[in-house]
Amino acid sequence: MTDDPEAFLSVRDLKVHFPTDDGLVKAVDGLSFELARGRTLGIVGESGSGKSVTSLAVMGLHGVGQYGRGRARISGEIRLDGQRLTDADPDAVRRLRGRQMAMIFQDPLSSLHPYYTVGRQISEAYRVHNPVGRAAARARAVELLGRVGIPRPDRRFDDYPHQFSGGMRQRVMIAMALVNNPDLLIADEPTTALDVTVQAQILDLIRDLQREFGSAVIVITHDLGVVAELADDILVMYAGRCVERGPAERVFHAPQHPYTWGLLGSMPRLDRERGARLTPVRGAPPSLINVPSGCAFHPRCPYAELTAGASRSTVPELREAARRHFAACHLPVADRDRIWEASG
Amino acid sequence: MPQRSTRFTLAAGSAVALAALLGTAACSGASGGSGGGTAAGFNAAAASVVHPSTAKGGTLRFTAAQDFDSLDPQRGYYGFMWDFARYYTRQLITYDTKPGNASLKLVPDLATSLAQVTDGGRTYTYHLRSGATWEDGSPVTAQDVKYGIERTWAQDVITGGPIWLMQNLDNSQKYPGPYKDPAPDKLGLKSIDTPDDHTVVFHLAKPNGDFEQMLALPEGSPVKRSKDTGAKYGLRPFSDGPYKFLAYQPNKTLVLVRNDKWNKASDPIRPALPDRIEVVYGSNADDLDSKLLNGEADLDLNQTGLQQAARVKVLRDPRLKASTDDPTTGYIRYVSLVPAVKPLDNIHCRKAVIYATDHKALQTARGGPIAGGDIGTNMLPDGVKGADTKYDPYGLTSNGGAPDIARAKSELQQCGKPGGFSTTIAVRNNKSAEVASAVALQASLKAVGITTQIDQYDGAQTPNIIGVPNVVHKKGYGLIVMGWGPDFYTGQGFLQPLVDGRFILPNGNNNYSEINDPAINGEFDQAIATTDADKAGQLYSDINHRVMQDAYYLPIVYDKALVWRSDRLTNAYTATSYSGKYDFVSLGVEGAK
Amino acid sequence: MLAYLVRRLVAVVVMLLVVTLVTFGIFFLVPKLTGGDPAALFAGRQADPAAIAGIRRKLGLDAPVIVQYARFIWGLVAGRDYASGADVTHCAAPCFGYSFKTEQPVWPLLIDRFPVTFSLAIGACVLWLVVGVATGVLSALRRGSLWDRAAMATALAGVSLPIYFTGMLALAVFTYKLHWLTVSYVPFTQNPLAWARGLLLPWIVLAFLYAAMYARLTRATMLEILGEDYIRTARAKGLAEPVVIRRHALRATLTPVLTILGMDLGALVGGAILTETTFSLQGLGQAAVRAISDQDLPVILGVTMIAAFFVIAANLVVDLLYAVVDPRVRLA
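Protein chains in written order, with full-length UniProt numbering: chain X, 1 to 344; chain H, 1 to 593; chain S, 1 to 332.
Treat the hints with care, since some could be wrong.
Stated by the list, open to error - Covered by chain H, according to a simulated footprint, are these stretches of chain S (three or more residues, beta-carbon under 8 angstroms):
hint, segment
1, 254-264
2, 319-326
As the list claims (entries may be wrong) - The following residues of chain S were derived to be distant from chain H, with all beta-carbon distances above 12 angstroms:
hint, residue
3, P108
4, S145
5, Y164
6, F279
7, A313
What the hints contain is simulated information worked out from the structure, not anything from laboratory work. Glycine included, every Cβ here is placed at the ideal spot set by N, Cα and C.
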């Protein structure tokens, strides 16, 4: 994960602000990252940290169908395959949606239209971008349904979403997202609504398909466990900003930010016993209208006193703690390593 | 607060809408109306004939918000039905076709002359004109007259109509009516003889000076037995008048066309000018007014007067006002004072109520002098024999109708209630002017310490509520706001149901004060027995004085209605005999082709 | 499906029985409570108790209420005979009896009145659906815009203005001022153009009220639907916004509209009383008003049954349509 100009997806200083009656909601406030083809990025954070807002910004879904008030203000730059998406013609972005970049949503029941058959919904996604007839679209949809592991896809084509189980529905969503061979696949909490055994199946499916299709994948989750086996890189978000990012194994084994420690603490771990001694993050996520001064995490940080007041006054910058591993924390790297080791 | 402002807006809005409606109607009405005659002037038809004409042809168009109760001659009881019935029914005698009080004179119709009265006023003999025919061309016979009158006796089938003739002709026979009559010709009523086809003889058990008044009602119309359809007869009466039914669907359509079998020579009464008579039914009274003012119709069948919105418009514009008349309707609006409810058993308390009342305020509540009528002074309105509108024992019209607080207080003192008392005012909930009267009455009585609650009862249930003395007593109705119009213009028709003690009924009572004074009852007997109208008038005058002196009634107004008269109408005049309505049977239309 | 229909039809019959029973109950119980007697109303003002008893007998009001009810139901199913003296009239099924007031047979009266009310309801319905839904959708899509605010202010006026007021205003302007339209009922079968012209004004006035309600309902529902996840999915597919609105949002928006429509249409066929009164249209609503003020039981029962039938039928149709629109709904 370098600042590679050749990166397939590049996000620079992205800000997504929503004007509301109570004030300006800074949902995403200066986020940057890159993603190469064939790689998987896990974006992790609590709800309200700006993960989903980021993904919708990439998809260009903010502001679609919205007029006047409540409309998002977006700044910064998003490039997909070298093409600027920010400030681009909305219709051009629309034509990319579903074809070059596709998305899987959290709750497949509410995300599928209850009145149309799954087959029709998948065919529709195909036909928007491909000038083919009904029969060809059907064949393609049936093919995809088979690929995502739905038994007897030809018959299930004509079923409605409510006739599927939760896991099968998510497979349908995945089939719909993949129907145009997208180069970028964003999975927003793809397993949250599913039970544990089905979760694993879906995650396996996403991994297998990614290998097969060679897409770049962003997996958005509040649960580090989901991305543990899936992601090449991890990006941890807090209050609309990136607080840590780096290769997955680094983030898991030598996390550099107290917030990440907390997230690891709330993650059920089978592989390491010491995780049991980690304490989950206390308190509630901050308001995005009145973001705490300095380090936004400081009111919840057990180590804030160790920074001699810097965490209260100064916004920490992302600094490289190890190769390709960045964290935004006032604590000296040595102190962080010591605390992390001590907790283990 | 928002509620109030909404209501205000709506009220203001409705007023604007109505004003707009009538404003535009008036503009077009002026041009539309000028095609025919010219406006003859306000009240021109009250005393004289407007646009006298014998020109035939055209279509006379009525508007109607309310349909006939029944077109069956023996069943109709609405005043406008009686007026209308002369188009298709004839009686032995009828009212003269003259304006105003002159219309009260009885004249022969089917009969050759008024009755030969013999046997001390017990026997009335009529001879039928020759040439009177039914719409199938068959002659109208004495038997038809008898059969028609007999129908009234079938009170389970022929419901709703007046029963004056039945009361005066049954003579204890308990005749069951023609439908249950065992006689093959169904003419089993003994009190009516038909010695031949053109002679009818009535035998009364007791003389009744108003008997011919009763015969002049549609109740006295002949009905041809072979055409009698019983309860359904009102849907298609068989005509012996100048018009017959082309179509009738209640509340929807009514068209009369000429009865070509009617023989003009046999009928001295009916000019039969229009070729066709139509009724335009409507449920929106304001819209019907607009049709009248707009020239789309000629007059209101109901003759209840223009609605407030149209009234305001018409009275402001002299040109429009010239197309209206303001006849008295024969109705008297009054408050019954009920002695059965204490402390109104004390005459001084009753007098206190009368003196304390602001008569002007009650008149205003009724709609003011034009739409409401003149302040009433006693219980016999102008036109009835024995009436004297100058008789004003309580000075109701002095001081412009203002209350006499000093007299009221002194009467309260004499009643033993110097601080006042409390009682209940009963009023029909479906008559807004009566409710307004009750409110005005309440306000004026309050000034002398008489506190009242107003009980608005279900107006549709009137005979079952204030018509039941027990209910009146139980509910403590000390003051009852009501109105009364006579069936015929005599003291008997007017006063007897209201003040004769023998007319107190357990249900459907009209003598709300339950006056049962032997002197009054005796005077009625004398007045009715005589065939001398002047003598009867003297007796009725006396009864009126007694009722007023005993303070049983507080008259409010002698009712008036502001009615529209299209400029197309010819031969238009209002007839006291038909409660101030235009005499429908005489009307013609101008511009007829 | 067939079993479902049969079950629903049985329910309709049961409902109609209940409705007539309740109507009977109200008619006979309420006057008893106020001390009234319907027979007295049909007597003249001099009528004596014997005459009133005769009327009661003639109208069949002397029998126990339950017997009257049984006779009524029997007449509906098999017809019945009315005897007055020697004169026997057979009233064929479905026999609703004869009007107490006008002596007309009730069933032909209903048949005569029904097309008026039905025409009024259907025409107004088409108008308000088109205008109301279109306005609501546009308002939802242009939320906060001048159009939205103007449309919603107009809708508020439409909802709050009484129909008598708007009706009178419409008459004043279009009939008496401009002479564009006069209101009258011409049967559709006789002259479709005259039918439409004669009813246009009441349609507009009635539709104004309902369009206002439907615009507000559509707008609110549309806004809710536009926030649904599946709309986001549709957009994420790259569908153009008009397609998202038409194909995905509108269909879901129409479901609640359909529910309300069924009830409104059913109730309206039962009698658009105020509209009929304002425009003097002789429909079922007018018949109901007159019958109630005349205490004309057979007509009251007839109109009530027709109204109940259409409310129930409209709801049945809505339920069936619902199953067509929303595949999650099973008819069972």
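- Message: Confirm or reject: S:F279 is not an interface residue toward chain H, with every Cβ-Cβ distance exceeding 12 angstroms.
- Response: For S:F279, whose nearest Cβ neighbour in chain H is about 7 angstroms away, the distance does not exceed 12 angstroms, so it is violated.
- Query: Does the claim that S:S145 lies off the interface hold, with its Cβ farther than 12 angstroms from every Cβ of chain H?
  - Reply: Check passes; 26 angstroms lies beyond 12 angstroms.
- Beyond 12 angstroms from each Cβ of chain H, as asserted for S:Y164: 7 angstroms, violated
- Message: If we take the beta carbon of S:A313, is the closest beta carbon in chain H still more than 12 angstroms away?
- Response: Label holds. Min Cβ-Cβ 26 angstroms, cutoff 12 angstroms.
- Message: Can you tell me if the segment 319-326 of chain S counts as covered by chain H, using C-beta to C-beta distances under 8 angstroms and a minimum of three residues?
- Response: Since 0 is below three, the answer is violated.
- Query: Is it correct that the beta-carbon of S:P108 has no partner in chain H closer than or equal to 12 angstroms?
  - Reply: At roughly 10 angstroms from the nearest Cβ of chain H, S:P108 sits no farther out than 12 angstroms, so the non-interface label is violated.
- Query: According to a criterion of three or more residues whose C-beta lies within less than 8 angstroms of a C-beta of chain H, is the segment 254-264 of chain S covered?
  - Reply: violated (count 0)
In terms of the numbered hints stated before, the structure departs from hints 1, 2, 3, 5, 6, listed from lowest to highest.
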